[in-house]
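Engineer: Sequence:
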Amino acid sequence: MKITHIHPASSTHPAATAHDHSGHMHASANEEQKWTDPVCGMEVDKDAPLQYQYEGQVYRFCSEHCLHKFKAEPTRYLHKEETAIPDKEIPAEAGVMYTCPMHPEIRQDHPGSCPKCGMALEQEQPSLEEEENPELRDFQHRFWFTLPLTVVVTLLAMFGHQAALFSMQLQSWIELVLSVPVVLWAGWPFFTRWAKSILHRSPNMWTLIGTGTGTAFIYSVVATIIPEIFPLSFQSMGRVAVYFEAADVIISLTLLGQVMELKARSQTSEAIRLLMGLAPKTARRINADGSEEDVPLTHVHVGDVLRIRPGEKVPVDGVIIDGSSTVDESMLTGEPIPVSKKAGDKVIGATMNTTGALTMRSEKVGSQTVLAQIVNMVAQAQRSKAPMQRMADRIAGHFVIIVVSIAVLTFFGWGIFGPATGWEFGLLNAVAVLIIACPCALGLATPMSIMVATGKAATKGVLFRDAAAIENFRKVDTLIVDKTGTLTEGHPVFEQVIPVAGFDAEQILRVAASLDQGSEHPLAHAIVDAARVKGLLLEPVSQFETISGIGVEGLIAGQSVMLGNTALMEQVGVNIVELLTDAERLRTEGASVMYLAINNKLAGLLAVSDPIKASTAEALTQLKAEGITVIMATGDGVTTALAVGKKLGIAEVHGEVKPADKLALVERLQQQGHIVAMAGDGINDAPALAKADVGVAMGTGTDVAMSSAPVTLVKGDLRGIAVARALSNATISNMKQNLMFAFIYNALGIPLAAGVLYSATGMLLSPMIAALAMSLSSVSVITNALRLRNRDI
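Just so you know, the sequence shown maps onto residues 1 to 793 in the UniProt record's numbering.
These aren't lab readings, by the way, just hints derived from the structure by calculation. Some hints here could point you the wrong way.
[As the list claims (entries may be wrong)] The list that follows gives simulated cross-link-like pairs (lysine-lysine, DSBU-like), each with its CA atoms no further than 30 Å apart:
hint: 1; residue 1: Lys456; residue 2: Lys475
hint: 2; residue 1: Lys460; residue 2: Lys281
hint: 3; residue 1: Lys736; residue 2: Lys460
hint: 4; residue 1: Lys658; residue 2: Lys475
hint: 5; residue 1: Lys658; residue 2: Lys281
hint: 6; residue 1: Lys313; residue 2: Lys658
hint: 7; residue 1: Lys715; residue 2: Lys460
[What the hints assert, rightly or not] With beta-carbon atoms standing in for the labels, derived distance ranges:
hint: 8; residue 1: Leu786; residue 2: Tyr54; range: 32 to 42 Å
hint: 9; residue 1: Pro148; residue 2: Gln670; range: 46 to 56 Å
hint: 10; residue 1: Gly573; residue 2: Thr282; range: 39 to 49 Å
hint: 11; residue 1: Ala557; residue 2: Ala501; range: 16 to 26 Å
hint: 12; residue 1: Arg585; residue 2: Gly673; range: 16 to 26 Å
hint: 13; residue 1: Gln670; residue 2: Thr639; range: 27 to 37 Å
hint: 14; residue 1: Ser560; residue 2: Gln496; range: 21 to 31 Å
hint: 15; residue 1: Gln559; residue 2: Lys658; range: 23 to 33 Å
Where a beta carbon is used, it is the ideal one built from N, C-alpha and C, also for glycine.
Can you build the whole structure from these sequences, using the hints too?
Structural biologist: Next up, the structure:
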């Protein structure tokens, strides 16, 4: 990451203007100096008390937490060798960029809130080490410091007149003093977003929250300071009613909701951190003089010669120049079987060397490696995925404009056309309109349904990571499935032995298992496990050797034994014609075939396969019955993939596909107008899982897959997809009902609060009754959402 340092404006830098993450000034000579915290990037006042001088430069910090982190590792946050250049010359990619999850076109180089929706911005691509979100920390402080004040004000409003500890006028002043820090300090970020929504002409939920709480607070302040302007009919128990508790409670509850949301959203970048964590931190480099040293991965360059010992990860992409081994490439292919490697073969960074020592030459480093490209694909897919457009948000702009307009019309209507005290009535009724229209029920309508639905789903073995997945699942018409670990168990098991004349099946299995005792290959483990289950006595092996990529050999009871594929048999001149028909049949059934030769004569073959899950066929039948098209995309061989597809009745099968191919398949189907779900269990599935409209990870798979997908099937059972779809339909229906409840209260309450019925009935809706109606609407929404718990799915 490149970070440019800008030194404060001086006689030698008269026009220095920049905004960076180094804690330096980013203001022109004609503007007030602005600084940023070099650790978290938050804006810091030029007179901030927390300062630290490092190498002649002063840095300013937003908190002691950031100051201590900088003191411990200043070079981590600074690249002092960079040259100072103006901000306008810095490309967007030069530093950490922040974007809005809902509006990805919003990008800036510092934390903040989206000017369109007010949502907190997040990093486009997180760092490996998770940093504490400065906004989360700020909101937590505001919430916990002011929560006691909110509780006290609410208790005073509810029971103060009964306790009669002091006069009601004094109680109003006490509530005012206690409410000032809650509304003006704790609620300041919300009023900032309220102002931005007006400035950018983008009305949203913050417009309602800011208008409702601000008006209730201002009205209450006026009622406390100059109560004589209100009619006597609006005085109760010796004072004009005030509504500080309404403003305080709304602020506190909104802060709590923001804290919960920010914590949940931090999990969306976990998949990328897990991917980045796959790469080793160091590499063992062989220098020109033959000496060896461990160097940081960032110091590896193209052309360097590296040593990879057994059990170590391949540091970067390159080619083997010496040695042979088997390499576990499941992080790329998703297949559990390690691949044999020898001189001249390509290796991929972050894959695991299992058995032998290798020497390699690096060919791709940094952002050019396959792992870095997968990380980039996941990041792009996550940013490009449209978030759930909640029904409340779709109409929030119109709703806000209507409510504010009604409040304004109410105020001026009463003032111009009302009685002598019309302006006072107008103010009171306008406040009532804004309070009854406060978006508590509207804001709870969808989150409550989502909260209950996710709990219900968890009891069914389906984990939803976000609300968008619940909304989108009911729209899915195409499902892409991986093979290994999704349709199949993901663990090779021994299938059968076919001996030639003169040998029996148990003899073949016993000899093959005896030879495979020295192998780390998963196929070997399957054969050895099968022999042990049958109680066969295994014999010792001498001169065991792995023949790279094609098999193994050794001596058993003085006999030369070889076990491997067709290439090995051809290499040693063993005639396998007798079993070719059986071998091809087994391959078309999805099995891997190995030949056993004793003293250079064919003895038989062994088949190992990855069995299809018992629940797969039933799950696919259910999905097809619901009109979902199922497509298989696997990194396994085409022949095996077609065999499994035929067995399960899957018409469209794609074999030998890589992560980019799966991602491209998802994008192509989406461009054709399909709503696509992707189900997989491996790291190779991560980009496609992130890009799909709904990503479904097997709970038996990798952490990266589960972090990339918004839905996880805990048991790895595809039948959970049918459950998720049914729950999606039920949840969306429940959300619509909640929204209906919220708007019924507004439709009935707003006209009454505005005083429409006053001329006919003499009735006015005081802000207190408006607050009660607002509470009842919230109770209705919560009660209806809880009905989902008893829904039969």
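Engineer: For every hint, state whether the structure bears it out.
Structural biologist: Okay, the hints, checked on the actual structure:
1. Taking the CA atoms of Lys456 and Lys475, the gap is near 20 Å; set against the 30 Å cutoff, the hint holds.
2. At roughly 40 Å between alpha-carbon atoms, Lys460 and Lys281 are farther apart than 30 Å, so this suggested pair is violated.
3. About 23 Å separates the Cα atoms of Lys736 and Lys460, which keeps this hinted pair within 30 Å; it holds.
4. For a cut-off of 30 Å, the pair hint linking Lys658 to Lys475 stands: about 27 Å separates their Cα positions.
5. About 25 Å separates the Cα atoms of Lys658 and Lys281, which keeps this hinted pair within 30 Å; it holds.
6. Distance restraint check for Lys313 and Lys658: the Cα-Cα separation of roughly 20 Å lies within the 30 Å cut-off, and the hinted pair is therefore satisfied.
7. Between the alpha carbons of Lys715 and Lys460 the distance comes to roughly 10 Å, so the proposed pair stays at or under 30 Å and holds.
8. Checked against the given bound of 32 to 42 Å, the beta carbons of Leu786 and Tyr54, roughly 55 Å apart, lie outside it.
9. A hinted range of 46 to 56 Å for the beta carbons of Pro148 and Gln670 is consistent with their spacing of about 50 Å.
10. In this structure the hint that Gly573 and Thr282 lie 39 to 49 Å apart at CB holds, the actual value being about 45 Å.
11. Separated by about 21 Å at the C-beta atoms, Ala557 and Ala501 satisfy the suggested range of 16 to 26 Å.
12. For Arg585 and Gly673, the hinted distance range of 16 to 26 Å is not satisfied, since their beta carbons lie about 41 Å from each other.
13. Range check, Gln670 to Thr639: about 29 Å between beta-carbon atoms, so the 27 to 37 Å window is met.
14. Ser560 and Gln496 have their C-beta atoms about 25 Å apart, which keeps the hinted 21 to 31 Å range intact.
15. Checked against the hint of 23 to 33 Å, the C-beta distance between Gln559 and Lys658 comes to roughly 42 Å, which is inconsistent with it.
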